[in-house]
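Chains L and E supply the protein sequences, listed in that same order.
So the first sequence is residues 59 to 172, counted in the working numbering.
So the second sequence is residues 40 to 845, counted in the working numbering.
Where hints are given, some of them may not hold.
Here are some chain E residues pointing at chain L (derived, C-beta under 8 angstroms) [unchecked claim]:
| no. | residue |
| --- | --- |
| 1 | W131 |
| 2 | Y170 |
| 3 | D186 |
| 4 | Y188 |
| 5 | P190 |
| 6 | S195 |
| 7 | L398 |
| 8 | L399 |
Simulated from the structure, these hints should not be mistaken for lab results.
The beta carbon of each residue, even a glycine, is placed where N, CA and C say it ideally should be.
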Amino acid sequence: MKKLIVALTAMGIMVGSIATISLASSERYHEVIYQDYNNRFNGSYYYDIGWCKTKVYSGYKSYVKVSLKKNGYWQAHCTTIVSGGNTLTCYSEKIQGSGSTAVKSTIWDYGPYN
Amino acid sequence: MNTSSNIISIKVLVLCLLFSLTLSSTSCYSKESTVKKQTVSADTPWYDAEVIDFKLETDTNKHLNSLFHSIAGADDKYIAIISDGGYHVKAWTDDIEYKDWLIYVVTIIDRTTKQTVKTIDIVNILGKCAYPTNVNYIDGKIWVYADTYHPDTGISMNTEYEIDPVTEELLNTRDINNSEDATANWILDTYNVGEYKILPEQVLTETEVYYVLRIVEPDGTIAEVEVKDPNENIYVIPTIISLNETSVLIPAAMNRDYNFYKLDLETNKLSKADKGTYSWLDVDQLAGSYNSPNGNIYTKTQNGISRIDMENKKLEPILDFDSCAVNRNYIPRLEIVDCNEDKILLCGSYESTNMFKSLLVQDFIIVELTKAAKNPHAGKTILELYAHEGGIDGTISDAIIKFNENNSKYYIQPTNRYNKRDYMSYDDLRSDDDYISADLKASADLSYELASDIANGVGPDIIMNASGLGQLNNDNCLVDLSPYFQDLDSDKYFTNIIDGARINGKLYQLPVCYTIEGIQTDPALAGKTGIGFTTEEYKAFIYETLNGTDIIENGQVHYFALLFNNMRNTFINEGLVDLTGPEFTELAGFVKDNVRQNSAIWDYEDEIDPEELDNSSLAASNNKAYYCNCPGISGYLVKRARIKNGTAILGLPSSDGRGPMFGTKLSVAVSANALNKEACIEFVRMMLTDEIQKEFVLNDNFVLNREALRYGLNEAIKYFNSEEGQNNIYEYSLGRYVRVDSKFTDEDINNIENIILSCSKADSVDAAINMILIEEMPAYFAGQKKLDQVIPVLQNRIQKVLDERK
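Next up, chain L with everything else stripped away, as it sits in the complex (with noise of 0.2 angstroms):
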């Protein structure tokens, strides 16, 4: 399976940097739309939020995990299958305290499924 990346956002820019990746042939059933991290404070603490959106095309699926930098040390956090035809806006577990410093979205890709 092949292992895609996508660029990182340093803190405190929240920026929707919109990133399109269109791929060879083969693997041309990715877009990344956008792709940020953020720092919500719920009313007891702060936590930490990296989020991205995904597209994958129709007969396609692939794994997204976002992955928070905080303090210098990498979190893995939400994990899901993105499947054919659907944008799914991934988030992170929430961790506590704020920090972050980057966020990136590993792809893998499963391949066409039907």
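For chain L, the structure is supplied; the task is to place chain E on it using the hints.
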């Protein structure tokens, strides 16, 4: 946004899969047959296959979140496999380290014995600051790439670690680049060319996409070369091709086309190559290519492996995937890890046929192919297998391999020489009705060719998934399978499904997996029979429950043909048609008074965001009932969750309120002129074995074996009640996976079983008769003719067709 158009567009795909109608123009084909014997030639190459299912042991005391495998590399001594995954972490606190949750392991397997000789814990070797991202096994060493944080400086670097696979000693460390540079990526592929190592990296900015090649030179210094085009983005460099020890060819996929670059590794000079020189290369295929240490480049095609002959500018086939006993479904997806034409090593993940297990813990396979001195099947008679709709899935592929290994005289070989798409014209299709008509004609043309070939002894021996090709259902074309399946126990098998597939008492095509066609809704809304509707009851259902919007969306003629087919055994029996009874009049009157003349025209628009579709009013309106051709367990459960109390699938409107029909998803038949009927029947019997029935049901099918069905339903419910499964249930009407919040129970298993038992008959459309109905009935529906004027014409025409088949 027109959501209904997207549903209709998706319905085209569904119709493609499910509607298979035939038209019999004439049935005059010769009964004489010239049997053409074909045997497996001794000259046909064969590769013996060693297939290993790779598994990594993990800590069973922890919850495994995900585990994926990939190949690091191989040589004559070892195969190195990377396992990358993680355990579940309840709460991410600052004291959690990689060793607490991260799985990053390299397994060293002896190439000859295929036994694991070492399991190297990379996390342990690299220490607490390094996050491994990739591994290569080259020149007998393991090269790990990791994002390494330096707490003293606060800087993170992409770092290369060299590890001895035998001693696990960390031999060398080299920083490549700052991993937190705005556009930096983790290191993925590496290419060894002579004494150079090339590490390509795609760079994404807000405005452009290009590549940077990091070149590790023989003295260890690192040079950088940008591969950039001033006018276009470079999206993919699928591979790097060695031209010699110091120069490479770089194919690049641009916006709309391909470019080729040459790089001199001694001078780092990049130049654009003449595109025309390399136009013979299919760049899209190069993503799966392999650069052999002997200088050859091998690439995969759909049918096998070829060597790229740069000198003569062509692909030289060296392996046909049919020349080995490896599942034909997944072998094209494996990576070429090593290749020297007599010995080929392939590895990769494959999608299990089991749809009810976690996709986050992956299956991985190692396949070593060795050219055999002689073809073990030489001399065997070839039985040709044609799969009409749906192709050959993983389970059938395995069954064919098993048959071929065990049968000493016969060899099953799939064929793709018949294709309905060759007869299908997609021009001028503007509605569901248009599509059905076009599909009818295409099926008719194909089935005529098939029937002629079968009758003349040059057709396939085993025919799968053709139960919708009604023209074949006679003694001229197919064997009556009844004698071979007459003692099936109805406690063990759904014998009502087998009986429902009979034509005039004969079983021409055994239904192995099937769909359920009907109205999924609240059982309290059923008519008096409890399993369907009379036409009066359905009329009340439309206007009272559905607020006047029928969920069967066909126009009058196709709607009528559907209801006619549902009650076919009332109107046609033992080759005689009788439309004079009250049932026919009732059906015609119901359609005339309650069904729109034509189906809706499709309205093509740009691709719609599926998230918007989920929230559409169309989705909301289907919470009362759905006209379904339910393809399997997940199809039933997803609708059951969306429709209020949607536990029943009821029959279409009829005169007697009968239960639903079943469609045939996978069927198997034997040609009346098969080269050896007994051998073919042996394959048919395999379809009903417990082992294969279980595989089918885990692949999300309804099956004949009742115990296998219950087992599969249990597994399905367990999976769809899990967090992962809730987000991955297939919504067949939308053509994609969705999230479902409902929890399913044993009651759902009982309901499904009862629905299957209530199925009345197979939906085996006879296109010849359908076309007559479609031609003659509109005059009645439009009020131009009375029904008693149309009936004699119908009877006469239909009887003629039936008589021609006697």
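Here is what the structure says about each hint:
1. For W131 of chain E, the suggested interface contact is upheld, since its CB lies about 4 angstroms from the closest CB of chain L, less than 8 angstroms.
2. Given the 8 angstroms rule on beta carbons, the hint for Y170 of chain E holds: about 5 angstroms separates it from the nearest Cβ of chain L.
3. A least Cβ separation of about 7 angstroms between D186 of chain E and chain L falls short of the 8 angstroms threshold, and the interface hint therefore holds.
4. The closest approach between the C-beta of Y188 of chain E and any C-beta of chain L is roughly 4 angstroms, which is under the 8 angstroms cut-off, so the hint is satisfied.
5. The beta carbon of P190 of chain E is positioned within 8 angstroms of a beta carbon in chain L (closest approach about 6 angstroms), and the interface hint is therefore held.
6. Annotation: interface hint on S195 of chain E holds; nearest CB of chain L at approximately 6 angstroms, less than 8 angstroms.
7. For the restraint placing L398 of chain E at the interface with chain L, the shortest Cβ-Cβ distance is roughly 5 angstroms, inside the 8 angstroms limit, so the hint holds.
8. A least Cβ separation of about 6 angstroms between L399 of chain E and chain L falls short of the 8 angstroms threshold, and the interface hint therefore holds.
Violated hints are absent here; each numbered hint is respected by the structure.
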